[in-house]
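Chains as they are written, first to last, in our numbering: chain A, 1 to 380; chain B, 1 to 513.
Honestly, I wouldn't trust all of these hints.
Distance condition first, Cα-Cα at most 27 Å in a straight line; then the derived DSSO-like pairs of lysine-lysine [to be verified]:
no.: 1; chain 1: A; residue 1: K266; chain 2: B; residue 2: K209
no.: 2; chain 1: B; residue 1: K373; chain 2: A; residue 2: K254
no.: 3; chain 1: B; residue 1: K452; chain 2: B; residue 2: K209
Restraint-style ranges between C-beta atoms, simulated for each label pair [claimed, not checked]:
no.: 4; chain 1: A; residue 1: I154; chain 2: B; residue 2: K397; range: 48 to 56 Å
no.: 5; chain 1: A; residue 1: T20; chain 2: B; residue 2: E87; range: 27 to 35 Å
no.: 6; chain 1: A; residue 1: S62; chain 2: B; residue 2: N83; range: 41 to 49 Å
no.: 7; chain 1: A; residue 1: V264; chain 2: B; residue 2: R278; range: 20 to 28 Å
no.: 8; chain 1: A; residue 1: I151; chain 2: B; residue 2: N83; range: 34 to 42 Å
no.: 9; chain 1: B; residue 1: K373; chain 2: A; residue 2: Q174; range: 49 to 57 Å
no.: 10; chain 1: B; residue 1: R388; chain 2: A; residue 2: S62; range: 43 to 51 Å
no.: 11; chain 1: A; residue 1: T20; chain 2: B; residue 2: D271; range: 51 to 59 Å
no.: 12; chain 1: B; residue 1: D472; chain 2: A; residue 2: V264; range: 44 to 52 Å
no.: 13; chain 1: B; residue 1: K373; chain 2: A; residue 2: V264; range: 15 to 23 Å
no.: 14; chain 1: A; residue 1: I154; chain 2: B; residue 2: K403; range: 44 to 52 Å
no.: 15; chain 1: B; residue 1: D230; chain 2: A; residue 2: T20; range: 37 to 45 Å
Here are a few chain A residues that face chain B, going by a calculated C-beta distance under 8 Å [claimed, not checked]:
no.: 16; residue: L193
no.: 17; residue: K240
no.: 18; residue: A242
no.: 19; residue: Y245
no.: 20; residue: F255
no.: 21; residue: E258
Derived from the structure by calculation, the hints contain no laboratory data.
The C-beta atom is built at its ideal place from N, Cα and C for all residues, glycine as well.
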Amino acid sequence: MKLTFKDLRKKIYIFATEKTIGFTLISIFLGLVVGAIFLAAAGFNPFQAYGIILRGIFSKPSYISYTIVRATPLILTGLSVAFAFKTGLFNIGAEGQFIIGSVVATATGYFLHLPLLIHIPVVIISAVFAAGIWGGIAGYFKAKFGVHEVISTIMLNWIALYFQNFLIYTEGFQKPGGETSYSIQPTANMMILKTWKQSEAGREWLLQHPFWKDLLRTPLNWGFLIAVLMAILVWFILNKTALGYRLRAVGFNKFAAEYGGINVNKNMIISMFIAGGLAGLAGALQVVGVSHKVTLIAAMEGYGFDGIAVALIANSSAMGCILAGLLFGALKYGGAKIQPFMQAPSEVISIVIGSIVFFISIPKLIKVILSRKNKKGGSK
Amino acid sequence: MGYENVTQSLTKVIEMKKITKKFGDFVANDSVNLDVFKGKVHALLGENGAGKSTLMNILYGLYSPTSGEILINGKKVDITNPNIAIEHGIGMVHQHFMLIKPFTVAQNIILGQEPTSKMSVLNMKKALKDVKEISERYGLYVDPNAKIEDISVGMQQRVEILKALYRGAEILILDEPTAVLTPQEIVELIQIIKNLTKEGKSIILISHKLKEITAAADFCLIIRRGKHIDTVVVSETNEEGLASKMVGREVSFSVAKDDKESGDEIFSIKDLIVKDNRDIIAVDKLNLSVKKGEILGLAGIDGNGQTELLEAITGLRKVESGEIKINGENITNNTPFQVISKKISHIPEDRQKRGLVMDFDISENTILENYYKYPFAKRGVLQYDNIRIYAKELIDKFDVRPKEESKMARTLSGGNQQKVIIAREVTNNPDLLIAAQPTRGLDVGAIEFVHKALIEQRDNDKAVFLISFELDEIMNVSDRIAVIYEGKIVGIVDAKDAEVEKLGLMMAGGGNE
Ligand SMILES: Nc1ncnc2c1ncn2[C@@H]1O[C@H](COP(=O)(O)OP(=O)(O)OP(=O)(O)O)[C@@H](O)[C@H]1O
Ligand SMILES: [Mg+2]
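Work out the full structure: start from the sequences and follow the hints.
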């Protein structure tokens, strides 16, 4: 078989434009190129910078573990946005749902006194439920009054933010002297081997096993596993269940769904409830696994908004959200290191992520660039 | 005389040579040739899924051909996107319109080529003047200030044609323009086509209606399953000749139907009042009933309340007052879900809006009303194996092409989309089957099939309610014919005694009862 250069170019073209994964990979690559251009323009060696980032992600067990910890909430907020999107709704409210999830998790984690094996599930389920309601409100407004979910979720985001700040200044919840809440009870803490790590025996063992010591130095917790399970669950619900069929039908064509006897309004509310629950789970896991409390926030922290980018990069596929979340977490964690090591602005990472999303959102542009190339190749 | 001789003295404006288009392994066009001549109408004829729209999408730059070349006015061109097609004077009116609903007629026409005054300010005055000028020149009358969402489908089509002419089209592609038109509008469209060719424009016309092809076209290209079969001079052939070339066998135009005694009344409507979107009464104290084992045809001109009546029955629109009953049960203002569960099926008027989820594949579309029931779901989990088997059965029985249940509804040809809906609704085996324009966009072979399916339903003692703008269809298939005018039934006649003239008169409001 003879493979000419022209054929090859055509193959690449098809790969990049018709296969979504190929297209995503090219967008990521182009995003990195744009970041490199910015770095070079600012007088930094982009290869050195990307080298630092790569080493900053992979060179130590603890780095990898930090990356995973960073990625966990992003995977879940990404899933939240992707889920809503697959059912025809644009959930800008993952941010607020995340906040509600973390507040409720902190409250139930601190106020309730329950045995270890019960406490964490109770904390998580109540947080998910509360955040689900928070999301469901937006669905209800849309169903009942025709308020677009983008508008209502943005407003709910702010309400959630001020609600958290209000609670933090509430006596009994506020830790005296600080702008934070009390920490959750140890029974609600989900860090891996937390008590063992601090015990006499544990410390001794770790001293002799540097790999594990480094790995467990971090707030590594079960959250990542839960996020992966959720991705599988979301995929299963959407693609394999009658509920998913209903939700997708409403998302793709609500007129046809209505005609087929599906209750469009009810399913919009259900969809927003699930989306809210997923973002709330992100918030809850962040509390039980990493922060153990909530603090005063001046502005949105961006977990929900990053979730939008993750969902876009993942092309709203549930499994894609795992990978996109990891990519995102890695870039954020590793990217922060170019600041101390080479004084390069770590904002470059935001540019990279922004560019990736940009390229993904405009497949046309990539198609045009590639088809020009194809044309020239063809006419020779 | 033959095609070669007739066309010798004509000017070729378009030559499509050996066009092949593959979607994956599927060959939609297989080395098809098409010549278009100045001032002439060239028809494209072929069964559903034969590849007509695909060929035209290639000419318009929406698809790129896998191989083959296109010459315009003798020069080879590479049409990679519609803008290039437009530059070369090609305009297209699609099978499914592409207008912006909340915009006015004039805004839609000038979109993308807005006339501007200094500082690029939109010059709406000039726009209106231009639009008026073109519309008068070709007899394409429209109200430039009306919003698209408020005008009829026939008017929307005129807007599409005007839009193409406004962009300087010399060659106009009309993809099944008459499928959505009423008989009166079709007559008007054919006149418009004549006006256009008189001015030197060339037309490519896709249609399944042989009558129109013989009335309007000079030449006709026949495609079968993507393959080029023949190009004929229309005046040298007739409808039967065209049909058998297209299908590859003899087709019968009228349906065989035995007499049948109809049974008890199963469905009835009493004093029904329904309002339209603008809150005006569209169905006005309407009374109607359908018996077991009969096909009741509803004849009428578009816009006389048919749409609102159907939506009211099926639970998609609120009933103001009156009563709808099936099997003695009151279903007035029931939800669509409840209506379906009372064994009423509905082939909707608008297949793309209501009938299909375009981003579902065929198999998912075949279970739209039953997805949660056994054997398609067990304890809430979809049973894809069973769903696929079911979809395959339907595809086979209703001859959906291609025979791939995992094909997205979006990628099916218009006629095959319609077949999927019909397959689903008929197979639900309802007590009452409501069929609104069931053969719209179908080829003659498929129409024959659908009519047979409706009659079979009746022969099994079920009730069928057929709504169509085509009088031929109503008269051929129905047992009784009701005529609707301004939201009221103005007369009911036995199909055997029906006369075209009389029905036409009743449809226009000159009722006799
Ligand atoms: N984007 C696509 N991807 C895959 N297959 C396609 C695509 N577009 C069209 N096809 C297939 O190509 C064939 C020809 O389709 P086309 O729309 O050209 O038919 P048609 O002759 O216009 O039929 P109809 O009279 O029903 O409109 C069909 O089998 C269709 O399923
Ligand atoms: Mg077509």
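Cross-check of the supplied hints:
Taken as a hint, the A/K266 and B/K209 pair is broken in the structure, with Cα atoms around 43 Å apart against an allowance of 27 Å. Among the hinted pairs, B/K373 with A/K254 is consistent with the structure: their alpha-carbon atoms are about 20 Å apart, no more than 27 Å. Between the alpha carbons of B/K452 and B/K209 the distance comes to roughly 19 Å, so the proposed pair stays at or under 27 Å and holds. Between A/I154 and B/K397 the Cβ separation comes to about 50 Å, which falls inside the hinted range of 48 to 56 Å.
Between A/T20 and B/E87, the C-beta spacing of about 32 Å keeps the proposed range 27 to 35 Å intact. The hinted range of 41 to 49 Å is not satisfied by A/S62 and B/N83, whose Cβ atoms lie roughly 55 Å apart. Roughly 23 Å separates the CB atoms of A/V264 and B/R278, a value that falls within the hinted 20 to 28 Å. In this structure the supplied range 34 to 42 Å holds for A/I151 paired with B/N83, their Cβ-Cβ distance being about 36 Å.
Checked against the given bound of 49 to 57 Å, the beta carbons of B/K373 and A/Q174, roughly 54 Å apart, stay inside it. The supplied range of 43 to 51 Å is met by B/R388 and A/S62, whose beta-carbon atoms lie about 49 Å from each other. At about 55 Å, the CB distance of A/T20 to B/D271 agrees with the hint of 51 to 59 Å. Checked against the hint of 44 to 52 Å, the pair B/D472 and A/V264 fails, with Cβ atoms roughly 37 Å apart.
Distance hint for B/K373 and A/V264: a CB-CB separation of about 20 Å, consistent with the stated range 15 to 23 Å. Checked against the given bound of 44 to 52 Å, the beta carbons of A/I154 and B/K403, roughly 48 Å apart, stay inside it. Separation of B/D230 from A/T20 is about 41 Å and conforms to the stated range, judged on CB atoms against 37 to 45 Å. Evaluation of the A/L193 hint against chain B yields a violated restraint, the C-beta minimum of about 37 Å exceeding 8 Å.
At a threshold of 8 Å, the smallest CB-CB gap from A/K240 to chain B is about 6 Å, leaving the interface hint in force. With its C-beta approaching chain B no nearer than about 4 Å, A/A242 sits inside the 8 Å limit, and its interface hint holds. Annotation: A/Y245 was flagged as interfacial toward chain B, and the flag holds, the nearest CB pair being 5 Å apart, inside 8 Å. For A/F255, the interface hint holds, since its Cβ comes within 8 Å of a Cβ in chain B; the closest pair sits about 5 Å apart.
Hint status for A/E258 relative to chain B: holds, with the closest Cβ pair at about 6 Å, below 8 Å.
Checked against the numbered hints given earlier, this structure breaks hints 1, 6, 12, 16; the rest are met.
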